[in-house]
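Trainee: Each chain is listed here by its residues.
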Amino acid sequence: MTWLLALYPPRWRRRYGDELRALIGSQPFSLHAVIDLMAGAIDAWLEPQKIPVQSASAGSEEGVTMIGTMMKLGCAGSGERVTRQDALKSAAVNLGGTLLLTALWMALHIRLGDRTYLTAFSAMAFLVPYLFSLRYTSLKGRSLRTQSIFIGGMILVLALILGGAGWVASKI
Amino acid sequence: MKKAEIDRELDEFGRFSEPALLILISLADGPKHGYAMTEDIARIADLRLGPGTLYGAIARLEARGMIEPVGAEDRRNPYRITAFGEKALRARLASIQNVARIGQRRLASA
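Protein sequences appear in the order of chains A and B. Okay, so the first sequence: first residue is 4 according to the working numbering, each after it adds one. Okay, so the second sequence: first residue is 922 according to the working numbering, each after it adds one.
Errors might be hidden in some of the hints.
Short derived list, chain B residues pointing at chain A, Cβ under 8 Å [stated by the list, open to error]:
1) Ala963
2) Tyr976
3) Ala980
4) Arg1011
5) Ser1016
6) Val1020
7) Ala1021
8) Gly1024
9) Gln1025
Chain B is nowhere near these chain A residues, computed Cβ spacing over 10 Å in every case [what the hints assert, rightly or not]:
10) Ile27
11) Met41
12) Arg84
13) Lys92
14) Asn97
15) Leu103
16) Thr119
17) Ser125
18) Leu130
19) Val131
20) Gly144
21) Gly156
22) Ile158
Hints are computed from structural coordinates only; laboratory data are not their basis. Everything numeric in this text was worked out from a predicted model, so none of it was measured. Using N, Cα and C, we set each Cβ at its ideal position, and we do this for glycine too.
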């Protein structure tokens, strides 16, 4: 999973890269960790921190109010608990979205017939709802901007991969 | 900052990010590196923070002077809570305790 660090801003990587690499190395591979690192990278680009080069001086309160400081921590990333209600919402989005997109795909298939690109994009019928369902699980607590960039970006990447697969299939 | 001032400001305070709060609690009993924090938070709060979430919160806490690196012995750089971080944690915990006390009192009289 350490290759995901390449997604972080260079300054952030220089300061925390080694530590994060050591942490990732001590944990087993999990899809949740991959999504968390990708969303963390989006956050790091969107909300660049004043990365300390040396140790921060303790207790520097000058001009900083307690409420102001704490409010700024509100965007410290996810870590929200996934409640039973969240799990149900996620399942509903997954199931409902898959049924809807599969019905749409079938309608297109009936109307247009057996098309290579249409077949290639059939996987989107369950991948797209899965990505949206992450809003209630792995992406819960992230800002709407981070969620939108993650989901939109992944849909774009999937579209390129499946489009590429369709193009290859059409040439065979 | 005076306690009354902190209390007044905390009255208006909305959400204190849970990961940041948990990191401060984890560091309250001594310095820890990322992995030790993750394990400690999983034990005390039954919540396993992802690596991206943990370091997102660490970066913000460090930038605001609430935690600081102890000095790297190896790649796993341990962190400790600063005096300012301890003050912020105490204020926040007192606020949570106050809300919990009111809630329990209301439940008891219901």
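Trainee: Decide, hint by hint, whether the structure agrees.
Mentor: Structure-based check of all given hints:
1. Look at B:Ala963: its Cβ only gets to about 11 Å from chain A, farther than 8 Å, so that hint breaks.
2. Proximity of B:Tyr976 to chain A holds as hinted, the smallest CB-CB distance being about 5 Å (cut-off 8 Å).
3. At its closest, the beta carbon of B:Ala980 sits 5 Å from a beta carbon of chain A; the interface hint therefore holds under the 8 Å criterion.
4. With a least beta-carbon distance of about 11 Å to chain A, the hint placing B:Arg1011 at the interface is violated under the 8 Å criterion.
5. For B:Ser1016, the suggested interface contact is broken, since its CB lies about 10 Å from the closest CB of chain A, more than 8 Å.
6. The interface hint given for B:Val1020 is broken, as the beta carbon of that residue sits about 15 Å from the closest beta carbon of chain A, more than 8 Å.
7. Given hint, B:Ala1021 at the interface with chain A, is violated; its Cβ is 18 Å from that chain's nearest Cβ, farther than 8 Å.
8. Contact between B:Gly1024 and chain A, as hinted, is not supported at the beta carbon level, the nearest pair being about 19 Å apart and thus beyond 8 Å.
9. About 21 Å separates the beta-carbon of B:Gln1025 from the nearest beta-carbon of chain A, more than 8 Å, and the hint is not met.
10. Not every CB of chain B lies more than 10 Å from the CB of A:Ile27, the least distance being 5 Å, so the non-interface label is violated.
11. Interface exclusion of A:Met41 from chain B breaks down, the closest Cβ pair being 7 Å apart, not more than 10 Å.
12. For A:Arg84, the non-interface assignment is contradicted: its Cβ lies about 6 Å from the closest Cβ of chain B, within the 10 Å cut-off.
13. Residue placement check: A:Lys92 keeps its beta carbon more than 10 Å from all beta carbons of chain B (closest about 19 Å).
14. With a least beta-carbon separation of about 21 Å from chain B, A:Asn97 lies farther than 10 Å from that chain, consistent with its non-interface assignment.
15. The beta carbon of A:Leu103 is kept farther than 10 Å from every beta carbon of chain B, the shortest such distance being approximately 30 Å.
16. For A:Thr119, the requirement that its beta carbon stay farther than 10 Å from each beta carbon of chain B is met, with the minimum near 38 Å.
17. Non-interface status of A:Ser125 relative to chain B is upheld: no Cβ of that chain comes within 10 Å, the nearest being about 31 Å off.
18. The claim that A:Leu130 lies off the interface holds: its Cβ sits roughly 21 Å from the closest Cβ of chain B, which is beyond the 10 Å cut-off.
19. In this structure A:Val131 is separated from chain B by more than 10 Å, as the shortest Cβ-Cβ distance comes to about 23 Å.
20. A Cβ of chain B approaches the Cβ of A:Gly144 within 10 Å, the least distance being about 8 Å, so the stated non-interface status is violated.
21. Even its closest Cβ contact with chain B, about 15 Å, leaves A:Gly156 beyond 10 Å, as expected for a residue assigned away from the interface.
22. Listed as a non-interface residue, A:Ile158 keeps its Cβ farther than 10 Å from every Cβ of chain B; the least gap is roughly 20 Å.
Hint check: violations occur at hints 1, 4, 5, 6, 7, 8, 9, 10, 11, 12, 20; the rest are consistent with the structure.
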